[in-house]
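With the hints in hand, could you dock these two chains into one complex?
Chain by chain, the residues:
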Amino acid sequence: MTMTATFWSRLGDVASLVATPLAPSHYLELVNPLWSTHKLEARIEDVHDETADARSLTLRPGRAWRSFRAGQHVRVSASVDGRRVTRTYSLSSSPLRRDGLVTITVKATDGGRLSPYLARRARPGEHLTLGKPQGDFVLPAQAPVRPLFVTAGSGITPVMSMLRTLALEGTVRDVVHVHYAPRAKDVIFVRELRRMAADAPSSYRLSIVHTREPGAARFGAPALDALCADWRHRDAWACGPQSLLDEVARVVEPARLHVERFVAARAPLPAGAAGGKVHLRVSNVEVSADGATPLLHVAEAAGLSPAHGCRMGLCHTCDATLNSGCVRDLRTGQTIDEPGARFQPCVCAAAGDVDVDL
Amino acid sequence: MRTLSKQELDQLGRELDAIQAEVKASLGERDRRYIQRLIKIQRGLALGARGVMFGSLALTPLGPVSWAVLGAGAVMLGVAKILENMEIGHNVMHGQWDWMHDPDISSATWEWDTVCPADQWKHSHNVVHHTWTNVLGKDRDVGYEILRVTDAQPWYPAALGQPVYNALLGLFFEYGVAMHDVDIKRPLKESRHLLRGIGKKILRQVAKDYVLWPLLAGPFFLHILLGNLVANLIRNVWAYMIIFCGHFPDGAQTFTEAEVEGETRGAWYLRQILGSCNIEGSPLFHIMSGNLSHQIEHHLYPDMPSNRYPQVAPRVRALCEKYGIPYNSGSLARQFGTTTRTILRLALPGKRGGARPAGTPRPAEVT
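In the order they appear, the protein sequences are chains A and B.
Sequential numbering from 1 applies to the first sequence in my numbering.
Sequential numbering from 1 applies to the second sequence in my numbering.
Derived by calculation from the structure, the hints in this document are not laboratory data.
Treat each hint with caution, since some may be false.
Unchecked claim - Simulated pairs of lysine-lysine, BS3-like, Cα-Cα distance not exceeding 27 Å:
1. B:208 to A:39
2. A:39 to B:40
3. B:200 to A:39
These figures come from a predicted structure and were not determined experimentally.
One chain only, chain B, in its complex shape (with noise of 0.2 Å):
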């Protein structure tokens, strides 16, 4: 990739805005029918499938298929559980639908179904993330804190148990994301007022899900239990796939303080695009994925409808091809695949990979 002039970066960035201008004065019904219908049908499935799990204990007789009919509860209330969290919560509370002013879908007033508080989320996700994105030291989403995903972040022995702290965290996701906001480099006691908001949210969430309605079934409580515990799994480990895939495939790339001082609205932009990758995928998987499969564009326009990320893709892939710019897209499995790979492979010391192949200028790098 060259070096981008000072103008060309300028440029870069009035092409950019003009995209997000049109679309902004281009939302009307259409996109209000889009998110009011997917909700209806996340919360219809939701209790559809508390329903089809309940309904399986009647089956209980029949042994097997009363097994299968839980388990397709349990896979139908996860569809739910990642349809809120990703296309529907995460969205919502980028402010994505505030333009609407309707106060049953704005980022001022949603909750989302994790353990994870949603002003927390707001300003650990909204301001830190995508104002700092990918820069080492700022950016907690490098590695959360607990994985060493790039070269750049020196090495220590814990990271050997990397591959451990990995599947825990693939496995207990929404634990993760509700630390996000804690800083826990500095003593515990100075984020109390945060611990006690996660304690108060994984209450009633736990209570909802591994005890009341549990309790509903009688004497099938584990039944339920096991259900809603697979949903919450089957949300956590493909949240965990998507979101890993936003930042730490090959070719991304990480940032310093120093790169980013005094960075232009154009320099802004390149490193979100330098920074993110996309996956490919037919239009279910894009919804099912939250449209974080459309990380350059979502992290170009964090607030801009998750609906129209597939449509200005092409423009944002022309523009990157116009400029020069790498346009970091592949399958799930190549973008998790080397995304794992990083990952164990930085548990060991040595130069072993992860973001910024060599040669790509870095945006302060302008003439």
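Chain A extracted, bound-state conformation (with noise of 0.2 Å):
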């Protein structure tokens, strides 16, 4: 490390050991969130609704953002009715931005937590907390690239940073892009995308096919041979419904595909789900459970301790954290399916299949 940099590290020590039990970082959340460094803070600078449904927000993030790839994904956490929800979204501006900011653009899905909110009552001057860009659906390094994306619905969104860095970058030279919507106002970027096409039609070719009109053409290789004759030699990008990554697989050669799938985090849980099979993580032991034993006395049966307290859900200890599905608390009926939430096993049982950290 530099003088300078060394310098700095102490005089953090030295803060950590004079804000103790908290850390510097605490104190300087108070004047700025984004100052905060034990997590990482953006402020909603902006919002703009793309569809009736979508709406991009722009972000400032704080200081412990680091860049990221075109296509690339981040956490994204928020307050909503009090409780934190986290979920994952696609960042759909592009590194090359020159002002720091970056965008999400979320689509309110029916029955979501966070994406309602995002989609429609986020507003600027908001906080909301990130994790770091992750995932491999990326450009490859070398340029140039002739690339075939295949996208539908919210599924553009990685492939809008691709396409808005290949723009900056101003080696848009050989882009087929084939997305897909219900119907022309449901298309999120549809003004951007047709202004590219627009501007240089040899270099990007758009097809833009409404699923719900008569006489769209579905996806399969005619379909890709009417648009684009050498689609076999490129690599394709897809994002979308499940339905139209499988047509994909089955079209273009695995060696050239890359996907990026969009998970719901939530299964929906059939009415009156009771027990079912359930996956302790901690000890990869799966065992079969009824919906009224609490999950510690399931735990034990299988032959495991876990940390216990009082039993009777007042004390905490026993708390563990839910990876998957749905538990029952058997004192107020309340279910808890929210991936990653922290639960009392000792008084809550399992609601149809789950994975929990025990």
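If you want it as structure tokens, here you go:
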């Protein structure tokens, strides 16, 4: 480390000792949440409705932000009705943006917890917590790239980041893009896409298919042939619902195919679900349980001895993390189905199949 | 108070459960804003207090003015420490705010600004005290193992020193709390790991308040050290006063292990009510007491967010009236006064009072 870096590092150590049991970051964030170093906060600078149910949020990330590659995604957390909800969204802006801002484009999903809030209620000035950019759905580092983009609905978001990057680099040379959306009014970024296509029709060949309209061509080899003769020699990037991705995988050679899958965070729970298969992740044990036995007892019956205290839902000593599935609090009937949520195994039973950190 | 039948106890349990379920279902944005704002205010106050204390050093030529400003800063820091210890720390570590899924405000991660390690506190308090509330021989909070607070505890010669232990415990309360998870009846070497944790926490806290912050003042080292000492004393004494009003005032009941054998949910609720005492006061007083002024509600619902205790208190009181259960509530003067009188009296042998007025039925005495 350089002398100045060492100096600041030592200063930070002293500041930690003086702030204990907090970190200096806890005080910095009182002044400006973006100065926080123990977590990555971002301020919503602007919101822009792309369609009736999709909105782009322009974010200013805090100090801990490092750059990303076009096509990557981040975990986004916000407080909705008091509870922190975390979901993953693709970054739709280009990392080459000069102003240091990033955008996510969120489409409100039916029954979603975070997307309706972001797409309809979040306002400039509010803060979100971000994770680090992740994912390998990216363009190769070396130019030139002659990609085939296949997108549908909100699957266009990571590809938009790629297109904007190519445009900023000036390397939009031979891009083919087919995008599916139910109707014209559902196409996110439609103006920007059409403008790019109009500016350089031979460099960026865009085909938007409105699937709800009669005569819409389904995805398949014939549709691709009509669009672009050499598609078999191109690398393809596909993002959209599982049905589309399945079709693409049937047609494009695996070695040339890059896929980004949007996975629903929570599976819908059948009404009255009780009991199921319990996967105890820490010990990698799978057992069956009914809907009335607390998961602490289930784990103990399987030969484990998780930490516990009062065994009556008071002391939170047995708190465990729900990885997937749904548990029911036997005292109130309330269900917990948020992945990553903490629950009390001494009073919660399985409601359907669950995977828990026990 | 008349004896409660088994059916009445069950019904009491259901009615108290219903209040909790209703509150749980209604938790939302307003509650989150309460705790977030409180934390912001407390941290700002703590930092501001230190700023005021350092500011006073610039006024040293003005003699008494400088000391007055230093004192004001020490009081501000004391108030900040009280808020952190009671309304924030104690309540967050109870899991009251875990429903928010906020990793920064979670019982799993919170460490508080006292010499007591959070993990040991969560065991001695959340598990032991709240499960075995007021059960002699099991709940270490009954006298904290150095005070005789009820007739039910037999007299021993060392009790004569109680007035002194009591005063010392008040002044150095955080150290008493730090030792709380250690079973002093067993050989100390069995608690090696606990003592190591306590030692590490004490070191960090002492280094912060009595070495590092004072060092930042250069030649005025002693001024800042004194200011921080006063702030910690303020917090210790206030916390001691409020906490001692929780289960020791006249009217509180203690129980034996035999009495709580096979306790139903309703009986558990009844023991919490009979063993706890509330303090009356203004909304600000409630916040400054960490809402331990609502000790009854806290013991019924330890992981209910504390801002809701004032809301459920009238309903709990009404239920107690309905079932003929005494609801022990009084002014700070009355609760602390009777507590101190009891502790002083019980330094001497003979029947001198403490818990359990005659004629109150034990929870197990049901038909």
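*Mind listing which of the numbered hints don't hold for this structure, in increasing order?*
none
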